[in-house]
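**Student:** Chains as they are written, first to last, in the working numbering: chain A, 290 to 381; chain B, 890 to 1037.
It should be emphasised that the hints constitute simulated quantities derived from the structure, not laboratory data. Heads up, a few of these hints could be off.
Stated by the list, open to error - No farther apart than 25 Å at their CA atoms in a straight line, the calculated lysine-lysine pairs in the BS3-like style are these: (1) B:Lys1036 / A:Lys315; (2) A:Lys381 / A:Lys318; (3) A:Lys315 / A:Lys293; (4) B:Lys895 / A:Lys315; (5) A:Lys347 / B:Lys948; (6) B:Lys1036 / A:Lys318.
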Amino acid sequence: MEVKRIMCCCGSGLGSSMLVRMNVEKTLKKLDYQGIDVTHSSVSDATENAADLFVVGKDLEQFVSQLPRVIVLDNIMDMNELETKLDAELKK
Amino acid sequence: MKDMLKRENVQIVERVEDWQEAIHVGVQPLVDGNYVEPRYIDAIITNTHTFGPYYVLCKDLALLHASSDCGVNEKQLALTVLRQPVRFKPDGYDVRLLVTLAASDSESHMQAMQAISNIFSDENRIEKLATAATADDAYAQFIAAAKE
């Protein structure tokens, strides 16, 4: 399924999720993916219909295990890891 | 950015006993300045028990924060440089920099997050900030990163 909405999540939906969102937006631009809406929120908002793809840090993996499409980042600040995983996921 | 991080909210601390004390010490300047209520500290500790220390974003950085409705009066940052590192979990990263975020909503601190992103995606800059000689120096580094 084509990804139109990506939601980045953290415990409170304010800090780390916003950082990840900024990094996702930069990466999408770099890889020239267009028309994808990126938001940030708390894991409690991460329900199946909230987005097509979710991005979380490793610490929160267990809280999003019920979702169909999730990218789990070992290092939230690592742009290379994000680029590799995001590109692979969007090519599916 | 100077509105978002005030000089008086930057401090250098020799050491803390454990992660809970780190949260107390890291948030205290914002309590003192009435940017947050004391319960903001408890909210971060409770969040940590629930979700784990997900706000330790990389080696040396803990981005301490809880929701806007947990006692935030006004948006502001605090920066604490720890001379001796602390761990938020036994197998976690050593952390020397505590950045405390009090956000008034989910969007308006974007510029502050950009500064954090600029500093913490670069190991050399992390090291430079963690070894800042004075709080003035640490403050200047942070403000400069926000202007990029």
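**Student:** Decide, hint by hint, whether the structure agrees.
**Tutor:** Results of checking the hints against the structure:
no., hint, in the structure
1, B:Lys1036 / A:Lys315, "18 Å, holds"
2, A:Lys381 / A:Lys318, "18 Å, holds"
3, A:Lys315 / A:Lys293, "16 Å, holds"
4, B:Lys895 / A:Lys315, "29 Å, violated"
5, A:Lys347 / B:Lys948, "14 Å, holds"
6, B:Lys1036 / A:Lys318, "22 Å, holds"
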